[in-house]
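Using the sequences plus the hints, can you model the full thing?
Each protein sequence line maps, in turn, to chains S and Z. Mapping the first sequence onto our numbering, position 286 (from 1) lands on 286, and the numbers just tick up by one. Mapping the second sequence onto our numbering, position 274 (from 1) lands on 1274, and the numbers just tick up by one.
Hint data in this document are derived by calculation from the structure and do not stem from the laboratory. A virtual CB, placed ideally from N, CA and C, is assigned to each residue, including glycine. Any given hint might turn out to be false.
[As the list claims (entries may be wrong)] Computed spacing ranges between beta-carbons, pair by pair:
1) A100/S to G1010/Z: 53 to 63 Å
2) A116/S to F1080/Z: 31 to 41 Å
3) V1186/Z to S76/S: 40 to 50 Å
4) N231/S to G1174/Z: 13 to 23 Å
5) F46/S to Q1179/Z: 24 to 34 Å
6) G1010/Z to V105/S: 23 to 33 Å
7) S76/S to I1130/Z: 16 to 26 Å
8) N1049/Z to V300/S: 55 to 65 Å
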Amino acid sequence: MSTTIPAASAEVRAQVPDRSGKKPGITDRARKERTLGWMLAGPAFFVMLLTTGYPVLNAIWYSLFDFRLTDPDGRSFVGLGNYITILTDGLFWRQFGVTAAITIVTVVIEFVLGFALALVMHRALFLRKSVRTAILVPYGIITVVSAYAWQYAFTPAYGFVNPLLGTDRDWFGGTVPSLVVICLSEIWKTTPFMSLLLLAGLAQIPNDYLEAAKVDGATAWQRFSKVIVPNMKAAIMVALLFRTLDAFRIFDNVFIMTAGANGTETLSFLAYRQTITRVMIGLGSAVSVILAILVVLIAVLFVKGFKTNLAQQKGA
Amino acid sequence: MNTSRKGQVGWIIGAILIMFYALLPVAWILSLSFKAGDDINNQKFWPTNWSFENYDIVFSSDLFTTALRNSVGISLIATFISVVLAMLAAYAVARLEFPGKSLILGVALAITVFPIIAIATPLFNLWRTIGLYDTWLGLIIPYLSFSLPLSIYVLSAFFREIPWEMEQAAQVDGATAWQAFRKVIVPLAAPGVFTAAILTFFAIWNDFIFGITLTSSEAARPVPAALAFFSGASQFAQPTAPIAAASVVVTIPVIILVLAFQQKIVAGLTNGAVKG
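Structure representation (structure tokens):
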């Protein structure tokens, strides 16, 4: 779902210090600026809070109840009971494994492929505009459409993939082949986003660096690993972080292609099935909360990991 | 840089491969949409006979046409509200000093990483109680939850680039405040607003989770959700080819926007990342 990259830290840093610097006795002007700031930003802020804050609190609250929509009177407080039920269930851990596997496989491939695409887009002098236009098509296409395109391509009855490979494999008959096709669709649709972010990072590297390395006799691989990659750490981190968080929430491709059959269910799908299909509101809410906590945890680990990495880089 | 002819050949081949990669699945779904009847089973990439039959089926089915109307209407309204609110907020964030600014950006960031399914399922409950389930408004409101942060980030990245001094310069030269805004700032800000609108529209147009959890009928079901429930001409016919035709129809607006605004979209996507 992620479509662009926030730059919160930069914006916070970009605050002009001299205006707010006049601390003693807020000037009339500063007070007016405060009021205007909140008048302009307030509506958007409160809409965001209401549309997200309410559902989040609601999910946390219901996750503490044994509550089934078809039996509203049987609602009872169970504390952390739902969480214990979920975390001690082997099925949850299996789905966690599937989700993690999809995330790791797709992000690694997207990163390698995305880097290759970015390098080509950066270096090719001809066809530059056509390539960038073409690459935006997967980005803009509806995920459901991408899912159908890939599913049909691999369906034995009418797909072109099996005749091409000379097999009659039933791709949607087992866990691993199904996951392969799901990952292909996910990778195809989201690699362009990754590559455009990496391209932006590439464009930031001064050409002199590469020229100097070349003069000093660095091979193409050395220039890539010693000059290009270290100089675009920020872009790499942003691209990896956002794609990882997004991949962990995978839902559309799974829903369309297998609907969770053959052990392809992911955590988002589990939350959906518990709440909407089985109307187990309490249990489903708890799954949602766990999913949210996991996403936040990944984000924190990522930022921490990259920070130490950057610090080491500077220390060396 | 390697500008030698030999070096460029490699990059051009790479560029052609990328286009192949990006367009092959689109060509495939396009080809499927023209396969009539049993031609779907020809096990070839292209149809034996090109036929518009599937488009006839799709456009004569209420399921698809109402979904298309829902999708276009809901997406446009939600994009409009989102961009207008975000424009005001992004201006404040980019131009003004006020306490709580980082709080606003922090909340927006937190929302973008939050799993949509975790927002959709509680709303399923609430909407049923207060009667917003299966209505346009019932989708427009949740769409704002993820489209607002997106619009705010894209717009504030653009607004920070605008040379605002020019407004004062125009006023010094004798323009009124309104003229300075209208003639100087609006033309500078318009491309950013436009780009934010395109990216926001894409995000909303693509939504599937809210679409399936918060609707139950043709009253509000958007296209991605309708595609998942599409059953073709009769209950028994294979819906594959009609789904392909419907997919092509909903991909056309995306392709038109991409062709027309390629540069703006790329800039909008990467603006924030580079500055970060």
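Verification of the hints:
1. A100/S to G1010/Z: 53 to 63 Å: 37 Å, violated
2. A116/S to F1080/Z: 31 to 41 Å: The hinted range 31 to 41 Å holds for A116/S and F1080/Z, with Cβ atoms some 38 Å apart.
3. V1186/Z to S76/S: 40 to 50 Å: 59 Å, violated
4. N231/S to G1174/Z: 13 to 23 Å: 47 Å, violated
5. F46/S to Q1179/Z: 24 to 34 Å: With a Cβ separation near 33 Å, F46/S and Q1179/Z satisfy 24 to 34 Å, so the hint holds.
6. G1010/Z to V105/S: 23 to 33 Å: 28 Å, holds
7. S76/S to I1130/Z: 16 to 26 Å: 24 Å, holds
8. N1049/Z to V300/S: 55 to 65 Å: Given a distance of about 57 Å, which is inside 55 to 65 Å, the answer is holds.
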